[in-house]
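**Student:** Listed below are the residues making up each chain.
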Amino acid sequence: MTQTRNVGLRLVATILLALAVIAPSAGQDLQGKVVEHTLKNGMRFLIVERHEAPVFSAMVAFKVGGVDEKTGYTGLAHMFEHMAFKGTQVVGTKNYAKEKPILDRLDRVAVQLARLDAENRPQDASRRAALAKQMEQLQKEAEQYVIPNQFDEIMSVNGAEGLNAFTSKDITAYVESLPSNRFELWALLESQRIATPVLREFYLERSVVAEERLERTDNDPDGKLYEALVTAAFQAHPYHFPVIGWMSDIRSLTRPQAEWFHRIYYTPGNAVCALVGDIKPSEALPIIDKYFGAIPAGPPPPPVVTTEPAQDGERRVQVLFRAQPQLSMAYHKPTLPSDDDFVFDVLNQIMTGGRTSRLYTALVKQKRIAVSVDSDTSSPGARYPNLFEISATPIYPHTADELTRAIDEEIERLKTEPVPDRELQKAKNQLDADFVRGLASNMGLASQLAYYQLVAGDWRYLLRWRERVRQITAADIQRVARKYLVPQNRTVAVLQPLEASPASSTPGGAQ
Amino acid sequence: MTCRSAVRAIAAAFALVAAVLTMAPAVGATYPYANTRPESIKAKPLSFAPPEPYRTTLPNGMVVYALEDHQLPLVEITAYIKVGSIYDPADKAGLAEMTGSLMRTGGTLTRTGDEIDEQLEYIAASVEVSIGQEYGTASLSVLKQDLDQGLAIFADVLMHPAFREDKVELARQQILEEIRRRNDDPPSLADREFMRLVYGPDSPWARIPMPATIKSITRQDLLDLHARYFVPNHIILAASGDFSRADLIRKLQALFGAWPRQSTPLPQIPDPPASFRPGVYFIPKSVPQSVVEMGHFGIKRMSPDQYAVQVMDFILGASGFTSRLMSQVRTARGLAYEVYAVVSPNADGGLFRAVALTKASTTAEADRLMVKILHQMQTQPPTDAEMQVAKDSLINSFVFEYDTPEKLVSQRALREMLGYPPDYLKSYPANIRKVTKAEVVEAARKYLHPDRMVQLIVGDKAQLEGQLATLGSVTTVTPAPVE
Numbered sequence: 002m003t004q005t006r007n008v009g010l011r012l013v014a015t016i017l018l019a020l021a022v023i024a025p026s027a028g029q030d031l032q033g034k035v036v037e038h039t040l041k042n043g044m045r046f047l048i049v050e051r052h053e054a055p056v057f058s059a060m061v062a063f064k065v066g067g068v069d070e071k072t073g074y075t076g077l078a079h080m081f082e083h084m085a086f087k088g089t090q091v092v093g094t095k096n097y098a099k100e101k102p103i104l105d106r107l108d109r110v111a112v113q114l115a116r117l118d119a120e121n122r123p124q125d126a127s128r129r130a131a132l133a134k135q136m137e138q139l140q141k142e143a144e145q146y147v148i149p150n151q152f153d154e155i156m157s158v159n160g161a162e163g164l165n166a167f168t169s170k171d172i173t174a175y176v177e178s179l180p181s182n183r184f185e186l187w188a189l190l191e192s193q194r195i196a197t198p199v200l201r202e203f204y205l206e207r208s209v210v211a212e213e214r215l216e217r218t219d220n221d222p223d224g225k226l227y228e229a230l231v232t233a234a235f236q237a238h239p240y241h242f243p244v245i246g247w248m249s250d251i252r253s254l255t256r257p258q259a260e261w262f263h264r265i266y267y268t269p270g271n272a273v274c275a276l277v278g279d280i281k282p283s284e285a286l287p288i289i290d291k292y293f294g295a296i297p298a299g300p301p302p303p304p305v306v307t308t309e310p311a312q313d314g315e316r317r318v319q320v321l322f323r324a325q326p327q328l329s330m331a332y333h334k335p336t337l338p339s340d341d342d343f344v345f346d347v348l349n350q351i352m353t354g355g356r357t358s359r360l361y362t363a364l365v366k367q368k369r370i371a372v373s374v375d376s377d378t379s380s381p382g383a384r385y386p387n388l389f390e391i392s393a394t395p396i397y398p399h400t401a402d403e404l405t406r407a408i409d410e411e412i413e414r415l416k417t418e419p420v421p422d423r424e425l426q427k428a429k430n431q432l433d434a435d436f437v438r439g440l441a442s443n444m445g446l447a448s449q450l451a452y453y454q455l456v457a458g459d460w461r462y463l464l465r466w467r468e469r470v471r472q473i474t475a476a477d478i479q480r481v482a483r484k485y486l487v488p489q490n491r492t493v494a495v496l497q498p499l500e501a502s503p504a505s506s507t508p509g510g511a512q
Numbered sequence: 036m037t038c039r040s041a042v043r044a045i046a047a048a049f050a051l052v053a054a055v056l057t058m059a060p061a062v063g064a065t066y067p068y069a070n071t072r073p074e075s076i077k078a079k080p081l082s083f084a085p086p087e088p089y090r091t092t093l094p095n096g097m098v099v100y101a102l103e104d105h106q107l108p109l110v111e112i113t114a115y116i117k118v119g120s121i122y123d124p125a126d127k128a129g130l131a132e133m134t135g136s137l138m139r140t141g142g143t144l145t146r147t148g149d150e151i152d153e154q155l156e157y158i159a160a161s162v163e164v165s166i167g168q169e170y171g172t173a174s175l176s177v178l179k180q181d182l183d184q185g186l187a188i189f190a191d192v193l194m195h196p197a198f199r200e201d202k203v204e205l206a207r208q209q210i211l212e213e214i215r216r217r218n219d220d221p222p223s224l225a226d227r228e229f230m231r232l233v234y235g236p237d238s239p240w241a242r243i244p245m246p247a248t249i250k251s252i253t254r255q256d257l258l259d260l261h262a263r264y265f266v267p268n269h270i271i272l273a274a275s276g277d278f279s280r281a282d283l284i285r286k287l288q289a290l291f292g293a294w295p296r297q298s299t300p301l302p303q304i305p306d307p308p309a310s311f312r313p314g315v316y317f318i319p320k321s322v323p324q325s326v327v328e329m330g331h332f333g334i335k336r337m338s339p340d341q342y343a344v345q346v347m348d349f350i351l352g353a354s355g356f357t358s359r360l361m362s363q364v365r366t367a368r369g370l371a372y373e374v375y376a377v378v379s380p381n382a383d384g385g386l387f388r389a390v391a392l393t394k395a396s397t398t399a400e401a402d403r404l405m406v407k408i409l410h411q412m413q414t415q416p417p418t419d420a421e422m423q424v425a426k427d428s429l430i431n432s433f434v435f436e437y438d439t440p441e442k443l444v445s446q447r448a449l450r451e452m453l454g455y456p457p458d459y460l461k462s463y464p465a466n467i468r469k470v471t472k473a474e475v476v477e478a479a480r481k482y483l484h485p486d487r488m489v490q491l492i493v494g495d496k497a498q499l500e501g502q503l504a505t506l507g508s509v510t511t512v513t514p515a516p517v518e
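If you're matching them up, the sequences are chains A and B in order.
Our numbering puts the first sequence at residues 2 to 512.
Our numbering puts the second sequence at residues 36 to 518.
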């Protein structure tokens, strides 16, 4: 459903990495088929022609996400993503010249109010009420010039499918598929909202995002547990912050902050666009040059300087929630292009890839203490050192502790016994085939190209990755398991049922 | 709380960025297309005649759609089977679902479930079976090089499942645990209980597995269900991928040819109850965000009104951001992130539902606004712009229903299974184009009943009690038992 603007606080890395290998022929095919084009302003395009149907899929992705935030404005990358659908100086407005001064006045009031709200002093109460009223008044004034959701409407009437966007820890991406006769329209709409977005209806959208946080995190046991796990595992590095943002931050974001964020991070040099489908480069490139080439260049965004210190003891986190118990644990590990990261992808497959995987066999089929078990080698992102995460759902009356012990037994076995040849080969076969399947859809291919270009610096990482995965040995797996899968390097988060009491009020920030 | 104004955030949080900021050119100052209107770009006409999938019927009555696709070395096959949970006996609710899962995991006459797992996973293939309300699917995904082995297992699972006892017990435990957890997620709790309120909990269309019904299902029940419903003349198979068509048909005939046709009529499903008790219903659950779900019966799948209803539903709430519900509940008031309305037609009439998720304090406000928007669908005819947006969107995006060979054959097979005419896909754009404004209003009057709805709210009792009283007399509902 297109309303899920943010499809994935955590989806990107898991889905994309799950797809990340190539069958011999498919890989070689890809090598010759990707047309690369870099504009003078630094924006990079990757194009694959497929003419089976008169459609194309596009992903415009920026190397910016939750990891680029700080306390106080967590959620800003995701908030900007929502605002990118609010139009430009000609889309979404009846009269931008008249609208603009009102939006600017609104900002001044909002910034003052956000400050007073934060300071929360009793003597400011009446001032705050007055500012809130002023905001409401200005929002009404601005509203008369707004054409709501016009960007969506233009895309929709032109046949867009899967119009959406998502923000992860690492990247922010904008996606849609369109009939191929709409290519130039697409180029205008996308370049225009990158270059000259107008972040109208900003303060209303804060409420929408607050609802999104309630839905994805505060109402949802999986969301709660995941947030608790990641915030505990990362204490210094900004992977700590939830992509959706803390509720208090969401409520106090301002449009000037989002505009600042846009100037710093939405530069063409920080973007990659992948296009797959019924596109002829000879016809498409001049259009790309015309519209995207006209976006002014900007300096590279600031780096993330903080690194996570080595963990010096197991961390245990408990979440009380009105739901059945769940377990999630995570070990720190290096990210791509570290060689150990390749090894983890095979290890991951051996542990939870399918019904014959080790953890599924032990916990679900044999001991029968879990309904499901899953793992992820790139939690919560891949631009920086990340986590190998294992999560499992117990069957009543078995406990999270029993599951932890059973998982520990399998981890011990990885360290002490070399993985048999056939099992290793099976894991590699599965990774290979998953990758081929990931190439099947236009959007699947576009998103992999854009993702690896941004996060690994070169889409060809996909090809190298496959080569390396084929060479991984049982000894590699043993070594990596011994090095990283140790208790002092892990965080264990457990969700425990909280008994409902009749008069209980709800935690989590909805007021 | 760590809120800052924008200025302080920049200056205090990192001076480094503030420095960069002053050097950054004002993006947009020189972008020359800031004022270029999208409508100034005209699209060239698009003509697309999708390939016609080959259709044949094997001597035993199994229908096969096949379309070659040599882009990647993969083969995808989906079988659609006339079987469904609506045929479950009342005291065995969950039988069809359990049968589907165990056909795959419970082994066959010649292979254990674990052997099948190992054989498939070594070749990175998958076979899955699942049974829904009105039909089941069995799918195979396999690399071209392993097609024979994949097909052999696929056929074995379809024809000769053994439902071995140890796997039956494993599946039973799993389903019981899923039942225990089914109220953990507020939206799915609301969906399930809404359906039970409209149809009544004993309707085949609303019945859900209970711990007692799952415990009563025996291996023999599974064998009987399979024997009765899994017959070749009730199966339509859709195949696409890297194969030679003639070769594939030969293989299918060799594998399935000896499977005998059977004439077993499907059981009659009783009509849904003529009425239900409209009103405001409440399920207490201590979560910060409420689910508001309202609606009633929907429309039969083959109704001549289906196109007008689709356009109406698009304008009302099925279209994402261009819909009335989305623009008023989400965009204009910020009351929800997720809000939609959906008419889901099925053989008996299906359901109409409008749903929003909103924080506890705005629950009644959102509910009232949604009811108002439903009323307005009947009293305020769509504008010309709304009609245009709805029709253009439905027609121009229709190519994505069949833009890959896999979608093309699956669509055709499923539509045939559900009884659609063969030219349904071809005539769809014209049928949408024909819908008039008057027909949309007529559809809203005929198929929406904002005065006679089930309105179900799931949320925090302490915060909602006062609000709910303003919506009418409230009936508190106890959800179906989980243990």
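Some hints could be false.
Listing some non-contacts, in silico: residues in chain B with all C-beta distances to chain A over 10 angstroms [stated by the list, open to error]:
1. Y122
2. A187
3. V203
4. E212
Computed list of lysine to any residue pairs in SDA-like fashion (alpha-carbon distance at most 20 angstroms, straight line) [unchecked claim]:
5. B:K442 - B:K461
6. B:K286 - B:E74
7. A:K41 - A:K291
8. A:K95 - B:R450
9. B:K77 - A:D290
10. A:K41 - A:S283
11. B:K117 - B:D419
12. B:K335 - B:R450
13. A:K134 - B:H105
14. A:K366 - B:I214
15. A:K291 - B:N70
16. A:K99 - B:H105
17. B:K426 - A:L164
18. A:K366 - B:N70
19. B:K442 - A:K41
20. A:K281 - A:K95
21. A:K34 - B:R263
22. A:K368 - B:D149
23. A:K41 - B:R450
24. A:K141 - B:L144
25. B:K472 - B:D419
26. B:K407 - B:K335
27. A:K416 - A:R483
28. B:K77 - A:L286
29. B:K117 - B:S165
Please keep in mind that the hints were generated in silico from the structure rather than gathered at the bench.
If you're wondering where the values come from, they're calculated on a predicted model, not measured in any experiment.
Even for Gly, the Cβ is constructed at its ideal location relative to N, Cα and C.
**Student:** Run every hint past the structure and note whether it holds.
**Tutor:** Here's how the hints hold up against the structure:
no., hint, in the structure
1, Y122, "27 angstroms, holds"
2, A187, "18 angstroms, holds"
3, V203, "13 angstroms, holds"
4, E212, "5 angstroms, violated"
5, B:K442 - B:K461, "15 angstroms, holds"
6, B:K286 - B:E74, "53 angstroms, violated"
7, A:K41 - A:K291, "11 angstroms, holds"
8, A:K95 - B:R450, "44 angstroms, violated"
9, B:K77 - A:D290, "19 angstroms, holds"
10, A:K41 - A:S283, "18 angstroms, holds"
11, B:K117 - B:D419, "42 angstroms, violated"
12, B:K335 - B:R450, "15 angstroms, holds"
13, A:K134 - B:H105, "63 angstroms, violated"
14, A:K366 - B:I214, "19 angstroms, holds"
15, A:K291 - B:N70, "15 angstroms, holds"
16, A:K99 - B:H105, "56 angstroms, violated"
17, B:K426 - A:L164, "17 angstroms, holds"
18, A:K366 - B:N70, "62 angstroms, violated"
19, B:K442 - A:K41, "40 angstroms, violated"
20, A:K281 - A:K95, "36 angstroms, violated"
21, A:K34 - B:R263, "50 angstroms, violated"
22, A:K368 - B:D149, "15 angstroms, holds"
23, A:K41 - B:R450, "50 angstroms, violated"
24, A:K141 - B:L144, "71 angstroms, violated"
25, B:K472 - B:D419, "8 angstroms, holds"
26, B:K407 - B:K335, "25 angstroms, violated"
27, A:K416 - A:R483, "5 angstroms, holds"
28, B:K77 - A:L286, "18 angstroms, holds"
29, B:K117 - B:S165, "12 angstroms, holds"
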